[in-house]
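Here is how the chains run, residue by residue.
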Amino acid sequence: MEEQIRILMERKKKFLINSLIFLFVFYFGLPFSLTFFPEWMNRSTYFNGLTWGWIFAFAQIPMTWILGSVYAHKANDLDRLQEEMKQGGRM
Amino acid sequence: MNLTYFTFFICIIVCTLIITYWAAKRSKTTNRFYTAAGSLTGFQNGLAISGDYISAASFLGVVGTIAINGYDGFLYSVGFLVSYLVVMFLIAEPVHHLGKYSLADVVCYRFNRNSIRSVMAFGTLLISFLYMIPQLVASGLLLRLLLNIDYSISVVVIGGLMTIYVVFGGMIATSWVQIVKTVVLLSGTFLLSLIVLSRFHWSPSAVMTEIIQQTPLREQFFIPGQLLNSPVELVSLQLALLLGTAGLPHILIRFFTVKNTKEVRRSLLSATWIIGIFYLITLVLGFGAIALIGYQKLVAADPTGNLAAPLMAKELGGDFLLAFISAIAFTTIVAVVAGLVISATTAFSHDIYHHIMKKGTTSEEDQLRAARWSALGIGLISTIFALRMENMNVTFLVSLTFTVAASSNFPVLLLTIYWKRFNQTGAIVGMVTGMIVSLACLILGPHIMNPNGGWITSKPLFPLYNPGIVAIPVGFFSAIIASLIFQKSSQSADEEMAPFFIKAQTGIDMRGKSM
Chain F
-7 MEEQIRILME
3 RKKKFLINSL
13 IFLFVFYFGL
23 PFSLTFFPEW
33 MNRSTYFNGL
43 TWGWIFAFAQ
53 IPMTWILGSV
63 YAHKANDLDR
73 LQEEMKQGGR
83 M
Chain H
8 MNLTYFTFFI
18 CIIVCTLIIT
28 YWAAKRSKTT
38 NRFYTAAGSL
48 TGFQNGLAIS
58 GDYISAASFL
68 GVVGTIAING
78 YDGFLYSVGF
88 LVSYLVVMFL
98 IAEPVHHLGK
108 YSLADVVCYR
118 FNRNSIRSVM
128 AFGTLLISFL
138 YMIPQLVASG
148 LLLRLLLNID
158 YSISVVVIGG
168 LMTIYVVFGG
178 MIATSWVQIV
188 KTVVLLSGTF
198 LLSLIVLSRF
208 HWSPSAVMTE
218 IIQQTPLREQ
228 FFIPGQLLNS
238 PVELVSLQLA
248 LLLGTAGLPH
258 ILIRFFTVKN
268 TKEVRRSLLS
278 ATWIIGIFYL
288 ITLVLGFGAI
298 ALIGYQKLVA
308 ADPTGNLAAP
318 LMAKELGGDF
328 LLAFISAIAF
338 TTIVAVVAGL
348 VISATTAFSH
358 DIYHHIMKKG
368 TTSEEDQLRA
378 ARWSALGIGL
388 ISTIFALRME
398 NMNVTFLVSL
408 TFTVAASSNF
418 PVLLLTIYWK
428 RFNQTGAIVG
438 MVTGMIVSLA
448 CLILGPHIMN
458 PNGGWITSKP
468 LFPLYNPGIV
478 AIPVGFFSAI
488 IASLIFQKSS
498 QSADEEMAPF
508 FIKAQTGIDM
518 RGKSM
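Sequence order for the protein chains is F and H.
Under the numbering used here, the letters of the first sequence match residues -7 to 83, in that order.
Under the numbering used here, the letters of the second sequence match residues 8 to 522, in that order.
Calculated from the structure, these hints are not laboratory results.
There's no promise every hint is true.
[Stated by the list, open to error] Label pairs and their calculated CB-CB ranges:
{"no.": "1", "chain 1": "F", "residue 1": "W32", "chain 2": "H", "residue 2": "Q220", "range": "19 to 29 Å"}
{"no.": "2", "chain 1": "H", "residue 1": "V21", "chain 2": "F", "residue 2": "F50", "range": "36 to 46 Å"}
{"no.": "3", "chain 1": "F", "residue 1": "H65", "chain 2": "H", "residue 2": "K304", "range": "46 to 56 Å"}
Backbone N, C-alpha and C fix where the C-beta goes; we use that ideal spot for every residue, glycine too.
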């Protein structure tokens, strides 16, 4: 029983580490690229003349929603597995 | 004050008092008083979290900052929002599993010592007061500017209301006031943004052309670097915003108000949607404000730009719309300060009074009575402080609260939940050092020590306006180093700690107690 829980926890941990790395890179990518590639970030795009800086800043919002939903989905699955295990193992 | 304003304000006060009356009848046990007995659904809690989080500083402040500084103002919004992912991934579920009423419960589940409980409770009180008093001061100034009411009357009204909500209605009243606030705030600002866009015939490029005409920054308005021109300040601010939310006690105790982790996640997902949409709306409002009002008028009304949204409301819909937006700002303030009162109350009555002074022996009735008296005391103290600080510029404290939270509470919570070799000494050293260093950077920094109009008129000893990049690592390293120095024999401790980590991650109690 404890062993199975550990396996589930490992799976969650692996997923979390990947998500966190992605989150930090994506989030700090914005201030870093504003600092180091200002010409590139201030170049206009085809959307109404918005610059890449704006697009990148806006992108943080859907990124939050998507990453949050993916995590919730995954964690709900793991919760269900854990629940089934508990019923089977009758803790 | 004319009749329109009066009607709106009375309406809000009466509605929230009805909620409080209804909640008071349901707040007869400590469990209900502190956490609404976990009775909220995920979506309701998401609305309440948003209501707890979106302060007047976010609503009026961000609109003003965007109107004056353009792109850089929006970076605040981005940080405020993305921080919820850190809360969701790392902190929320373990807090729900381990804690009962307060943040100290979470850390004390692992290290059950009074010293740790006191330090955690002190941290919560410090952060809550640091956040609450400037909000009260700002609200007094705001109502004075908007409605011409005397500063002390506005502070007493807001301070009185927040105290009444918490004393009588506890977490149930607080949550529902916050839920109502979110609905009113979101619908009101959405409406206002539609009116703004309709003025420009729904054409974003028309808005942008007009902005370039109106702002002294010209095309630079849309280009980063107007407010945060040094990369270190920029990264430092972004770091504090990202990690700060995960240390804010009034947000974290909201995870006790739902019944399971699925609802915790649903709360956070709803909150990110609501907060994300809200910040998109503030962007439209900020753009609208500069385009419709113009820079000169904005700055003349208030140099920080805080009056951008109300001024624009007046421009677009006259007194009626201004009264409506002022009422929304008022609701925004009372909902946030009520959330802070309840988090401070829990820290005092549950941690300090019940656990430390009475060693956990007080009866249910006594605990409830203590909680109500603490709420009254905390409400009174903060109102009195706010009354005396009329002439001080304290609004900058709001954003610095994030730095204090990110360098004290956040490292200790994170290491408690995830690090096997963390120990009591590490927890205490981490909390205390984090608090001291972040406050020291603040006091010695250019907000307070400033040759041009600071509280102390001399050159700042610490150069950064945003001390996060120094204070947060110091908080972490001090906790880690103290743990390593005061390490006891580790092998057996590892074995003993296994049930704790399982409980933190899954809620399953391996020691044979209930979940």
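Comparing the hints with the structure gives:
Taking 19 to 29 Å as the suggested C-beta distance range, the pair W32(F) and Q220(H) conforms, at roughly 28 Å. The hint said 36 to 46 Å for the Cβ distance between V21(H) and F50(F), and at roughly 40 Å that hint holds. Separation of H65(F) from K304(H) is about 48 Å and conforms to the stated range, judged on CB atoms against 46 to 56 Å.
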